[in-house]
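Start from the sequences, fold in the hints, and give me the full structure.
2 protein chains.
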Amino acid sequence: MEYPSKLIEDAVNEVAKLPGIGKKTALRLVLHLIKENENRTITLTDSLNTLRSNIKFCKTCHNISDDEECIICKSHRRDRTILCVVEDTQDVMAIENTAQFKGVYHVLGGVISPMNGIGPSDLKIDSLVNRISDLNTEVKEIILALSPTMEGDTTSFYINRKLNTYGIKITSIARGVPMGGDLEYADEITLGRSITARTLFS
Amino acid sequence: MEYPSKLIEDAVNEVAKLPGIGKKTALRLVLHLIKENENRTITLTDSLNTLRSNIKFCKTCHNISDDEECIICKSHRRDRTILCVVEDTQDVMAIENTAQFKGVYHVLGGVISPMNGIGPSDLKIDSLVNRISDLNTEVKEIILALSPTMEGDTTSFYINRKLNTYGIKITSIARGVPMGGDLEYADEITLGRSITARTLFS
Numbered sequence: 000m001e002y003p004s005k006l007i008e009d010a011v012n013e014v015a016k017l018p019g020i021g022k023k024t025a026l027r028l029v030l031h032l033i034k035e036n037e038n039r040t041i042t043l044t045d046s047l048n049t050l051r052s053n054i055k056f057c058k059t060c061h062n063i064s065d066d067e068e069c070i071i072c073k074s075h076r077r078d079r080t081i082l083c084v085v086e087d088t089q090d091v092m093a094i095e096n097t098a099q100f101k102g103v104y105h106v107l108g109g110v111i112s113p114m115n116g117i118g119p120s121d122l123k124i125d126s127l128v129n130r131i132s133d134l135n136t137e138v139k140e141i142i143l144a145l146s147p148t149m150e151g152d153t154t155s156f157y158i159n160r161k162l163n164t165y166g167i168k169i170t171s172i173a174r175g176v177p178m179g180g181d182l183e184y185a186d187e188i189t190l191g192r193s194i195t196a197r198t199l200f201s
Numbered sequence: 000m001e002y003p004s005k006l007i008e009d010a011v012n013e014v015a016k017l018p019g020i021g022k023k024t025a026l027r028l029v030l031h032l033i034k035e036n037e038n039r040t041i042t043l044t045d046s047l048n049t050l051r052s053n054i055k056f057c058k059t060c061h062n063i064s065d066d067e068e069c070i071i072c073k074s075h076r077r078d079r080t081i082l083c084v085v086e087d088t089q090d091v092m093a094i095e096n097t098a099q100f101k102g103v104y105h106v107l108g109g110v111i112s113p114m115n116g117i118g119p120s121d122l123k124i125d126s127l128v129n130r131i132s133d134l135n136t137e138v139k140e141i142i143l144a145l146s147p148t149m150e151g152d153t154t155s156f157y158i159n160r161k162l163n164t165y166g167i168k169i170t171s172i173a174r175g176v177p178m179g180g181d182l183e184y185a186d187e188i189t190l191g192r193s194i195t196a197r198t199l200f201s
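Respectively, the protein sequence lines represent chains E and S. Counting from 1, position 174 in the first sequence corresponds to residue 173 in numbering that gives the first Met the number 0; the numbering is continuous, with no gaps. Counting from 1, position 199 in the second sequence corresponds to residue 198 in numbering that gives the first Met the number 0; the numbering is continuous, with no gaps.
Do not take every clue at face value.
Intra- or inter-copy, both count: the list cannot distinguish identical chains.
Pairs of lysine-lysine, DSS-like flavour, derived with a Cα cap of 27 Å [stated by the list, open to error]:
| hint | residue 1 | residue 2 |
| --- | --- | --- |
| 1 | K34 | K16 |
| 2 | K139 | K73 |
| 3 | K101 | K55 |
| 4 | K5 | K139 |
| 5 | K23 | K123 |
| 6 | K5 | K161 |
| 7 | K168 | K34 |
| 8 | K55 | K16 |
Treat the hints as calculated values from the structure; they're not laboratory data.
Structure representation (structure tokens):
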């Protein structure tokens with residue numbers, strides 16, 4: 000594509016580096032900013048710069064936070080005996096939205112993925128072990144809430160092997176047919192697992 | 000949605016104001032920037048700020064430009080006897096991509112649209128009339144290349160009425176482009192044909 004201006008070209012190339020944004024979408028966004036008032040662009044870029052330079056990670060659970068410690072770890076209403084291990088911030092938000100969990104979290108920052116060159120040392124697994132091995136730990140149960148993929152399973156197995164010597168209950172979120180789904184459209188592995196891992200009806 | 004941080008919330012709200020970007024996509028983009036190096040965010044915001052504060056509009060054709068006059072108006076290879084009237088920059092880029100047009104442009108900056116409160120005075124129509132009524136004008140033909148929509152047609156009729164007293168040939172791009180379509184999304188062959196097969200307007 001030929002751009003009428005070098006400035007446009009530079010901006011489009013930068014915006015198109017964002018995930019899921021192609022050149023055509025980037026051009027549309029950039030031309031939108033040109034049409035809008037200049038203050039609009041300043042507000043947008045300021046909010047991104049402020050975010051990027053001031054964002055912190057909770058020293059306890061490694062979730063994204065405005066302060067040294069995140070609002071969940073700081074809260075007195077959370078149950079510190081249950082710890083939920085997740086991949087990233089989006090997963091914390093998704094679980095918080097269910098309003099079914101009142102414990103605390105541990106954010107790994109990813110899953111073990113040799114294909115992408117991510118090993119256990121790139122994740123917050125040592126920090127998780129430290130939290131559990133701490134003599135003053137209140138944790139009585141660890142819920143592994145990782146994605147039901149090859150990488151997620153590998154990571155769950157690895158964490159389980161690291162932690163099962165501490166005599167703490169380790170659970171994993173239920174795998175089965177999703178609510179509202181149609182049985183005949185469920186894939187064979189999911190349906191198979193949902194039968195072998197059936198639960199008591201009550 | 001509850002965000003783990005006020006900074007995230009502010010950034011997401013700003014990004015989600017862009018056209019076609021919802022809160023969920025905005026969150027994904029913002030979290031991507033947090034994962035990446037801080038320089039990445041700085042480069043992105045710098046390119047947008049530089050663009051927004053330095054971008055100019057060509058004094059002749061009103062296309063987006065790095066200078067007072069755009070590269071097309073400056074070029075000695077362009078045929079100044081044919082003037083193509085388009086809605087916006089994306090249309091200029093689309094027509095340039097067909098390589099079927101060697102004349103110059105006039106960018107209106109929109110089309111007449113009473114529904115959106117856009118009247119003739121909000122567009123560069125007076126400036127077009129000045130270009131044509133200029134005694135030194137070289138223009139021998141005006142091609143109306145507006146979107147084949149109600150608004151585009153209305154604008155074409157309006158411009159034709161304003162210009163048909165100057166004894167200049169006024170043509171319109173051939174209706175090879177499907178009705179209700181948007182110029183920037185037409186494929187190059189259709190768009191190219193529509194220029195070579197232009198018909199007399201009226």
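When no copy is specified for K55 and K16, does a C-alpha distance of 27 Å or less occur within a copy, between copies, both, or neither? Result: close both inside a copy and across copies, 24 Å intra and 25 Å inter.
Intra- versus inter-copy proximity for K55 and K101 (alpha-carbon distance at most 27 Å): within (23 Å within a copy, 55 Å between copies)
With 27 Å as the alpha-carbon cut-off, assign the pair K5 and K161 to within, between, both or neither. Answer is neither; intra-copy 54 Å and inter-copy 35 Å both fail.
Up to 27 Å between alpha-carbons, please classify K168 paired with K34: within, between, both or neither. This pair counts as neither: shortest intra-copy Cα distance 58 Å, inter-copy 32 Å.
Indicate which option fits the pair K34, K16 if close means a Cα-Cα distance not exceeding 27 Å: within, between, both or neither. both (22 Å within a copy, 14 Å between copies)
Is it within a copy, between copies, both, or neither that the alpha carbon of K139 lies no farther than 27 Å from that of K73? Answer is within; shortest intra-copy Cα gap is 19 Å, inter-copy 74 Å.
If the cutoff is 27 Å on CA atoms, where do K5 and K139 land: within, between, both or neither? Let me know, please. Close neither inside one copy (59 Å) nor across copies (31 Å); limit 27 Å.
Are the CA atoms of K23 and K123 at most 27 Å apart within a copy, between copies, both, or neither? between (38 Å within a copy, 25 Å between copies)
When each numbered hint is compared with the structure, violations occur for hints 4, 6, 7.
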